[in-house]
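Protein chains in written order, with my numbering: chain A, 1 to 196; chain B, 1 to 180.
Treat the hints as calculated values from the structure; they're not laboratory data. Please note that the accuracy of each hint is not assured.
[What the hints assert, rightly or not] Straight-line alpha carbon distances no greater than 20 Å define the calculated SDA-like cross-link-like pairs of lysine to any residue that follow: (1) B:LYS156 <-> A:SER145; (2) B:LYS40 <-> A:ARG114; (3) B:LYS156 <-> A:TYR45; (4) B:LYS40 <-> A:PRO171; (5) A:LYS143 <-> B:GLU113; (6) A:LYS143 <-> B:LEU129; (7) A:LYS143 <-> B:PHE154; (8) A:LYS52 <-> B:ILE101; (9) A:LYS143 <-> B:ALA150; (10) A:LYS52 <-> A:SER20; (11) A:LYS143 <-> B:PHE157; (12) B:LYS40 <-> B:ASP3; (13) B:LYS40 <-> A:ILE170; (14) B:LYS40 <-> A:ARG169; (15) A:LYS143 <-> B:THR155; (16) B:LYS156 <-> A:MET140; (17) A:LYS52 <-> A:PRO17; (18) A:LYS52 <-> A:HIS18; (19) B:LYS156 <-> A:ILE144; (20) B:LYS156 <-> A:ARG46; (21) A:LYS143 <-> B:ILE151; (22) B:LYS40 <-> B:LEU7; (23) B:LYS156 <-> A:ARG114; (24) A:LYS143 <-> B:VAL147; (25) A:LYS143 <-> B:LYS156; (26) B:LYS156 <-> A:ALA146; (27) A:LYS143 <-> B:SER158; (28) B:LYS40 <-> B:LEU11; (29) A:LYS52 <-> A:PRO22; (30) B:LYS40 <-> B:ARG133; (31) A:LYS143 <-> B:TYR153; (32) A:LYS143 <-> B:VAL146; (33) B:LYS156 <-> A:VAL100.
[To be verified] Each pair of labels, with its calculated beta carbon distance range: (34) B:LYS156 <-> A:ILE155: 26 to 34 Å; (35) B:ASP3 <-> A:ARG169: 28 to 36 Å; (36) B:PHE154 <-> A:VAL189: 15 to 23 Å; (37) A:LEU116 <-> B:CYS103: 50 to 58 Å; (38) A:TYR119 <-> B:ALA95: 18 to 26 Å.
Yeah, the Cβ is synthetic: ideal placement off N, Cα and C, and Gly gets one too.
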Amino acid sequence: MPAEIPPSTPEPSPAKPHVSLPALFVVFLRIGILSIGGGFQAYLYRDLVDSKWIDPKEYLVGFAVAQLLPGANPVNLALYFGLKLRGGPGATAAVLGMLVPSFCIILLLGFAYRQLAAYPVTHAILIGVAAVGIGATLAMGIKISARLDRSWSSIVVALVTFAAVGIFRIPMVPVMAVMVPFSVGLAFVLGRPHAG
Amino acid sequence: MLDSRLLGLILVFAPLSVLSFGGGQAIMADIQQQSVEVHKWLSNPEFIDMFAISRIAPGPNTLISALIGWHVDGFPGALVAALAMYVPSSLLVYAASSWFIRCQASPFRLAIERGLAPIAIGLIFAGILAVVRAAQMDLLGLAVLVVCTAIFYFTKFSAYLLILIVGLLYAAIYFTGGFT
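Bound-form chain B, shown alone:
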């Protein structure tokens, strides 16, 4: 009999896996809602910390599933959550890619491309809103967000370097008593 916590992880991540059009950001709102509000596996601050860790770490940000899984049930939880996150979508992509590689152009494929693109964009922005809301950002956070958005939009500045600078900035503000 499968542990009910592991089953819970599968039931949360496997459906989101096949719905993650536009990548991980599209399902971030649902991951937050399911793990914080529905299952109460995490608090909002814990979710934000895990979101940040998944951004520092290499690889897709949907690896946040492994962190949540670990939090719920240790290593088996991490493994099960990651498999639930990647196996369903990969099977789907495998089948669809085999078809795409063979047929090069069809009106049906064009309709899929044109129909899914705006949905993906709506979901990406909804995901951003969910994370901003969960972070309960203060004025400093919003200012950093706006500046970083501009830097990433207009320049090719290294993401690692920017993370390092902002991390040091926050540590400096913390130790000088800026957060009270």
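Bound-form chain A, shown alone:
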């Protein structure tokens, strides 16, 4: 796996590469257009790490940050690495590069759908496409769950959250207002690294 870092090798700290704002915009524009079904992780890794803009360790930290904070994952990644490479203007260029083309494309697709919605076959095909999308998400959910630490507290928090929002259909705002302080507080009290 390319993400593995030899733990004992001391990292030399090379001078930070200068990345121009247009270059940053173009990289995220490309990833924005190519990203589907989780593919953005691979494209992003190739564009940022293989071009030596970001070292692998920094990439993993950025990835964790983007995943843990609210917001769309690709947008958060663009924001984090844009900020890291070029500060505020870099974050803006990266996020716009990620979102503007996708925004235009989805509106075009929506417009095409409006013309095609009169034909029932359109709805039949889209049900199939939705099934593929749910399958991709389900596979991702299972993979992520497998990486979750198996403490009873984590499992209970995950199940309670799922039941509250998924089964009992309680709106997410009150659920999060209760679960986030509870779960973070619990992790703070119980939290000892497994290795230590």
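Chain B: place on chain A using the hints.
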């Protein structure tokens, strides 16, 4: 004075923006509930069609906000819904990232990481359940779902190719009178 429909879009998407831990899938259940059941902007079939379009399209699936916004109030609706979806979370991520980039390790950060992870997972599965329920899937749909899940879990098969194959399969079944 802001159009009440635009205001409605902001009031739905801006709070969900800062609550979308785990990405867009985490708030899909709420987007469905708010836009179909509470505000009655869409019917369930329309929501499912938009969900499917947001999956075919590149970019994050929360761009479904732009489609819903367009449905509610044309281009201004699409723009306002997308901004409401991305600006609040981005400001939060901007502030937090500045802090994360500076401080490399603290027990507080570790607790946040460990505390949020199981919540995100619960929300992801709740979102899946909401979409499955809204789609009112028949046996064929569930079979396709299971097969696709297995393919995505065990292989690196292209999502585009799979979408194309399943789309053609559904069109073929439709034209041979499979859906009656």
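Results for each hint:
1. Our distance criterion of 20 Å between C-alpha atoms is met by LYS156 (chain B) and SER145 (chain A), whose separation comes to about 19 Å.
2. The suggested pairing of LYS40 (chain B) with ARG114 (chain A) holds, with an alpha-carbon distance near 19 Å, which does not exceed 20 Å.
3. Distance restraint check for LYS156 (chain B) and TYR45 (chain A): the Cα-Cα separation of roughly 16 Å lies within the 20 Å cut-off, and the hinted pair is therefore satisfied.
4. The suggested pairing of LYS40 (chain B) with PRO171 (chain A) holds, with an alpha-carbon distance near 16 Å, which does not exceed 20 Å.
5. The hinted pair formed by LYS143 (chain A) and GLU113 (chain B) meets the criterion: a straight-line CA distance of about 17 Å does not exceed 20 Å.
6. Between LYS143 (chain A) and LEU129 (chain B) the alpha-carbon distance is near 17 Å, which keeps this suggested pair within the 20 Å criterion.
7. Our distance criterion of 20 Å between C-alpha atoms is met by LYS143 (chain A) and PHE154 (chain B), whose separation comes to about 10 Å.
8. Under the criterion of a C-alpha separation no larger than 20 Å, the hint pairing LYS52 (chain A) with ILE101 (chain B) is consistent with the structure, at around 18 Å.
9. Distance hint between LYS143 (chain A) and ALA150 (chain B) is fulfilled; the C-alpha atoms sit about 11 Å from each other, no more than 20 Å.
10. Simply put, LYS52 (chain A) and SER20 (chain A) have alpha-carbon atoms about 14 Å apart, close enough for the 20 Å limit, and the pair holds.
11. For the hint linking LYS143 (chain A) to PHE157 (chain B), the alpha-carbon distance of about 16 Å falls within 20 Å, and the restraint holds.
12. Only pairs whose Cα atoms come within 20 Å are accepted, and LYS40 (chain B) paired with ASP3 (chain B) is accepted, the gap being roughly 17 Å.
13. For a cut-off of 20 Å, the pair hint linking LYS40 (chain B) to ILE170 (chain A) stands: about 18 Å separates their Cα positions.
14. A threshold of 20 Å between alpha carbons decides the hint, and for LYS40 (chain B) with ARG169 (chain A) the separation of about 17 Å falls inside it, so the pair holds.
15. For the hint linking LYS143 (chain A) to THR155 (chain B), the alpha-carbon distance of about 12 Å falls within 20 Å, and the restraint holds.
16. Under the criterion of a C-alpha separation no larger than 20 Å, the hint pairing LYS156 (chain B) with MET140 (chain A) is consistent with the structure, at around 12 Å.
17. Only pairs whose Cα atoms come within 20 Å are accepted, and LYS52 (chain A) paired with PRO17 (chain A) is accepted, the gap being roughly 8 Å.
18. For the given pair, LYS52 (chain A) sits about 11 Å from HIS18 (chain A) by alpha-carbon distance, which is consistent with the 20 Å threshold.
19. The hinted pair formed by LYS156 (chain B) and ILE144 (chain A) meets the criterion: a straight-line CA distance of about 16 Å does not exceed 20 Å.
20. In summary, the hint linking LYS156 (chain B) to ARG46 (chain A) is supported, as the alpha carbons are separated by about 17 Å, within the 20 Å threshold.
21. Of the supplied pair hints, the one linking LYS143 (chain A) and ILE151 (chain B) holds, its CA atoms being roughly 13 Å apart against a limit of 20 Å.
22. For the hint pairing LYS40 (chain B) with LEU7 (chain B), the CA-to-CA distance comes to about 15 Å; that is within 20 Å, so the pair holds.
23. Among the hinted pairs, LYS156 (chain B) with ARG114 (chain A) is inconsistent with the structure: their alpha-carbon atoms are about 33 Å apart, more than 20 Å.
24. Straight-line distance between C-alpha atoms of LYS143 (chain A) and VAL147 (chain B) comes to about 16 Å, which keeps the hinted pair within the 20 Å bound.
25. Taken as a hint, the LYS143 (chain A) and LYS156 (chain B) pair is honoured in the structure, with Cα atoms around 13 Å apart against an allowance of 20 Å.
26. Only pairs whose Cα atoms come within 20 Å are accepted, and LYS156 (chain B) paired with ALA146 (chain A) is accepted, the gap being roughly 18 Å.
27. With a C-alpha separation of about 17 Å, the suggested pairing of LYS143 (chain A) with SER158 (chain B) holds against the 20 Å cut-off.
28. Between LYS40 (chain B) and LEU11 (chain B) the alpha-carbon distance is near 15 Å, which keeps this suggested pair within the 20 Å criterion.
29. For the hint pairing LYS52 (chain A) with PRO22 (chain A), the CA-to-CA distance comes to about 17 Å; that is within 20 Å, so the pair holds.
30. In summary, the hint linking LYS40 (chain B) to ARG133 (chain B) is supported, as the alpha carbons are separated by about 17 Å, within the 20 Å threshold.
31. For the hint pairing LYS143 (chain A) with TYR153 (chain B), the CA-to-CA distance comes to about 7 Å; that is within 20 Å, so the pair holds.
32. Taken as a hint, the LYS143 (chain A) and VAL146 (chain B) pair is honoured in the structure, with Cα atoms around 15 Å apart against an allowance of 20 Å.
33. Using a Cα cut-off of 20 Å, the hinted pair LYS156 (chain B) and VAL100 (chain A) is violated, with the two alpha carbons roughly 28 Å apart.
34. Restraint check, LYS156 (chain B) to ILE155 (chain A): a C-beta distance of roughly 29 Å satisfies the suggested window 26 to 34 Å.
35. In this structure, ASP3 (chain B) and ARG169 (chain A) meet the distance hint of 28 to 36 Å, their C-beta atoms being roughly 29 Å apart.
36. Against the hinted window of 15 to 23 Å, the Cβ-Cβ separation of PHE154 (chain B) and VAL189 (chain A) comes to about 38 Å, which falls outside the hint.
37. The supplied range of 50 to 58 Å is met by LEU116 (chain A) and CYS103 (chain B), whose beta-carbon atoms lie about 51 Å from each other.
38. Between TYR119 (chain A) and ALA95 (chain B), the C-beta spacing of about 47 Å breaks the proposed range 18 to 26 Å.
Consistency note: the structure conflicts with the earlier hints numbered 23, 33, 36 and 38.
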